[in-house]
Amino acid sequence: MYRLPGFEYYRPLSLEEALVLLDKLEDAMVLAGGTDLVLDLKTGRYKPKSIVDTSGLKELKYIVDTGEALRIGALTTIQELVDSPIIASKTPLLWEAAREFAYWQIRNMATIGGNLCNASPAADTAPPLLVYEAVVKAVSTSGERYIPVTEFFLGPRRTALDKKELLVEVVVPYRNLERHGYAYRKIGRRRGHDISIVSVAVALRVDDGLITDTRIALNSVAPVPIRARSIEEFLLGKEPSIDLFREASKLVDRDISPISDVRAPAEYRLHVSRILVEELLLKSYKRAFKGGFE
Amino acid sequence: MKVEFVLNGKKVVVDVEPNELLINTLRDKLGVKSVKYACGIGECGNCTVLIDGEPVLSCLTLTVDVNGREVVTDEGLSREGLTKLQKAFIEEGAFQCGYCTPAFILMGEYLLREKQNPSIEDVKEYLKGVLCRCTGYINIFKAVLKTSSRREDSGNA
Chain C
0 MYRLPGFEYY
10 RPLSLEEALV
20 LLDKLEDAMV
30 LAGGTDLVLD
40 LKTGRYKPKS
50 IVDTSGLKEL
60 KYIVDTGEAL
70 RIGALTTIQE
80 LVDSPIIASK
90 TPLLWEAARE
100 FAYWQIRNMA
110 TIGGNLCNAS
120 PAADTAPPLL
130 VYEAVVKAVS
140 TSGERYIPVT
150 EFFLGPRRTA
160 LDKKELLVEV
170 VVPYRNLERH
180 GYAYRKIGRR
190 RGHDISIVSV
200 AVALRVDDGL
210 ITDTRIALNS
220 VAPVPIRARS
230 IEEFLLGKEP
240 SIDLFREASK
250 LVDRDISPIS
260 DVRAPAEYRL
270 HVSRILVEEL
280 LLKSYKRAFK
290 GGFE
Chain D
0 MKVEFVLNGK
10 KVVVDVEPNE
20 LLINTLRDKL
30 GVKSVKYACG
40 IGECGNCTVL
50 IDGEPVLSCL
60 TLTVDVNGRE
70 VVTDEGLSRE
80 GLTKLQKAFI
90 EEGAFQCGYC
100 TPAFILMGEY
110 LLREKQNPSI
120 EDVKEYLKGV
130 LCRCTGYINI
140 FKAVLKTSSR
150 REDSGNA
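As given, the protein sequences belong to chains C and D, one line each in that order. Mapping of the first sequence onto numbering that gives the first Met the number 0: residues 0 to 293, in sequence order. Mapping of the second sequence onto numbering that gives the first Met the number 0: residues 0 to 156, in sequence order.
Simulated from the structure, these hints should not be mistaken for lab results. Keep in mind that this is a model prediction, so the values were computed, not measured. Where a beta carbon is used, it is the ideal one built from N, C-alpha and C, also for glycine. Check the hints yourself; a few may be wrong.
[Said to hold, decoys possible] Chain C is faced by these chain D residues, among others (derived, beta-carbon under 10 Å):
id, residue
1, V5
2, G8
3, T47
4, N66
5, M106
6, I119
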């Protein structure tokens with residue numbers, strides 16, 4: 000683990016140069032913060048012929064509020080998300096997930112784009128971005144396209160990105176969630192330090208006493224970070240109550256397929272997922288109505 | 000590749016392969032031994048250095064990526080004698096084997112730079128990325144808090 004295998008190294012000085020390199024190179028991987036890729040090069044998970052080091056592309060570091068959505072440059076670090084008052088006020092779920100993300104040294108290196116492209120089932124930024132229904136901007140020498148985060152993860156370590164494409168921006172719409180209550184929780188062995196055993200992000204909206212929108216996303220309990228669609232559909236149009244949330248949380252079995260690994264057994268993940276969904280639905284409701292069911 | 004950066008206040012130029020990690024350049028080529036190798040996978044924080052003032056892990060950083068930047072290690076803090084925090088570590092016995100000490104001191108100095116009056120919770124939060132496997136954390140926390148209160152005293156005097 001002390002040294003890295005050899006590779007051809009390219010350090011583009013502009014986005015355009017990076018795209019030309021990705022178009023031209025046969026077996027290349029993109030380096031951003033390095034907290035995942037450098038580690039995976041050490042362990043031999045990946046053995047690319049070339050590395051395109053994008054870490055010098057300052058033009059991909061920004062947070063812009065359009066009034067409807069936040070546009071976040073792919074190389075924005077997790078610590079920059081934590082430090083941003085805009086992220087905290089407009090996309091609080093993303094802010095909470097960023098705060099729980101590893102620790103200082105890692106947060107200063109890891110980027111939002113890298114966290115998505117690494118496509119770990121445990122990606123910390125994924126549950127909030129799935130709830131906000133964020134969209135990523137992918138560019139290549141032949142043009143650009145937008146991919147919803149809900150369609151971005153294809154499997155563990157597999158994304159909808161083409162080899163020649165670079166993820167340059169994450170667009171997080173927040174306007175239509177401003178009247179939702181929300182809640183986030185990550186379970187790991189040590190608080191904020193460990194890879195998640197399960198994280199859950201929830202947003203809930205109630206109008207005239209009935210649930211009009213629910214969004215529930217989980218990581219580490221399926222091959223990719225996912226939305227719990229069965230629960231979302233079950234809750235739609237119903238009157239919120241403690242019993243309803245308990246009943247709904249049991250449906251999480253239909254949406255997730257946890258496995259056992261070094262961090263936790265599958266049974267534990269399933270159990271904790273149910274509990275968290277129930278707890279976070281209640282918390283979301285309380286936040287939306289500043290009181291709850293008392 | 001030729002890489003030029005400022006290390007503990009001095010400009011250095013090194014010739015490295017693109018796959019060389021910063022921790023190896025610092026330890027093997029530049030004689031900076033306070034930066035420790037332990038887990039190699041971003042779990043333990045013992046290889047922490049400050050790059051442009053921000054703590055990062057040198058075992059996951061390519062040396063080519065610090066070109067034109069400023070790197071500070073524990074050695075760089077004590078160029079004019081031990082800092083208050085380093086003295087407090089000695090007074091509080093905040094180490095046994097000492098392997099993790101440089102990383103804790105860097106994170107402690109970083110915290111004291113960011114927050115004037117850190118609470119115990121702040122100390123835990125800032126230092127949580129460094130693992131100590133022998134002495135435990137109590138004396139380390141005490142050393143950081145002691146330094147903070149002393150600084151406050153001298154400010155009021």
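Verification of the hints:
Given the 10 Å rule on beta carbons, the hint for D/V5 is violated: about 17 Å separates it from the nearest Cβ of chain C. Checking D/G8 against chain C: minimum C-beta separation of about 21 Å lies over 10 Å; hint violated. Residue-level restraint check for D/T47 holds (minimum Cβ-Cβ distance to chain C is 5 Å; threshold 10 Å). The interface hint given for D/N66 is met, as the beta carbon of that residue sits about 9 Å from the closest beta carbon of chain C, less than 10 Å.
For D/M106, the suggested interface contact is upheld, since its CB lies about 7 Å from the closest CB of chain C, less than 10 Å. The interface hint given for D/I119 is violated, since its Cβ lies 15 Å from the closest Cβ of chain C, which is over the 10 Å cut-off.
When each numbered hint is compared with the structure, violations occur for hints 1, 2, 6.
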